[in-house]
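Could you put together the complete structure from these sequences and hints?
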Amino acid sequence: MNVVINTNVENNERGLLPYPIILAANKGEPEAMKVVVLHYGSYMTSLSMRKLRDEQGITYWGIDEDTRERLRSKLMQSVLDFRI
Amino acid sequence: MIEPDRTEWQVRCTFNAFCKRVLKNEAINIFNERKQRQAKEMTFSDLTPQEENELYTLDKQYEGEEGQSFQVAGKKVTPKLLAEALRTLPKEKRKTVLLYYFFDKSDVEIAELLNIPRSTVQYRRTSSFKRLKRFLEEHADECSD
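Chain order of the listed sequences is L and H. Just so we're aligned, residue 17 is where the first sequence starts under our numbering, counting upward by one. Just so we're aligned, residue 134 is where the second sequence starts under our numbering, counting upward by one.
Since the hints were derived computationally from the structure, they do not count as laboratory data. Since we're looking at a predicted model, the values are computed, not measured. Any given hint might turn out to be false.
[Said to hold, decoys possible] Covered stretches of chain L (in silico footprint by chain H; criterion: 3 or more residues with CB under 8 Å from a CB of chain H, positions within the stretch not fixed):
| # | segment |
| --- | --- |
| 1 | 33-43 |
| 2 | 52-60 |
| 3 | 79-92 |
[To be verified] Below 25 Å or equal to it, Euclidean Cα-Cα: the simulated DSS-like pairs (lysine-lysine) are:
| # | chain 1 | residue 1 | chain 2 | residue 2 |
| --- | --- | --- | --- | --- |
| 4 | L | K90 | H | K153 |
| 5 | L | K90 | H | K228 |
| 6 | H | K153 | L | K67 |
| 7 | L | K50 | H | K153 |
| 8 | H | K213 | H | K228 |
[Stated by the list, open to error] Now the stretches of chain H that chain L is said to cover, found in silico as 3 or more residues with beta-carbon under 8 Å:
| # | segment |
| --- | --- |
| 9 | 141-147 |
| 10 | 158-170 |
A virtual CB, placed ideally from N, CA and C, is assigned to each residue, including glycine.
Below you can see the structure in the form of structure tokens.
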């Protein structure tokens, strides 16, 4: 989590989406939006990890689906608000 | 509002940072909401008796002598009487009888559970029956009708 990834280094495209995709997603293109959501899918999953407790009272680390759903809808909503 | 004039590269970087920040902020929001809700949650043991009583109702079926009863050979056996009869048994015998009838365990299983020989379980059970029988015969009311 604390690893600093400097994506601003020139010609380092790690983690960046292609420009046309950003434009299309910003306009609400469903296919482009799908790409964006998929692109940040692993980050959303890692953010929604938390300690869960099952019926037997055993605690374990797992994905909280509610959190992930909320993150996804928030992302889609925010992509539309992004000012290029 | 000043329209930002960025190169394609800058837009891509900004978009990436923007998305990550949005997700991170939302995750923090969700975390805080959950923490707030947990602070308001209460355990049953912290409730006052009045509050606790409002949460459930009791089945009145087994209360007192007026509850359900069985009529056998002109005698009336109520649940209360049965419970009293069971209470007169020594602790070990009562345990055996309860395990046998309420947990559907066989003599062998009970023997393993209590760490005693199987024949002891059988003996305790049969001798318990005699005691229960004697107690109920003495204490059961004559049937009124």
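Legend entry - Hints violated by the structure (listed by number, smallest first): 5
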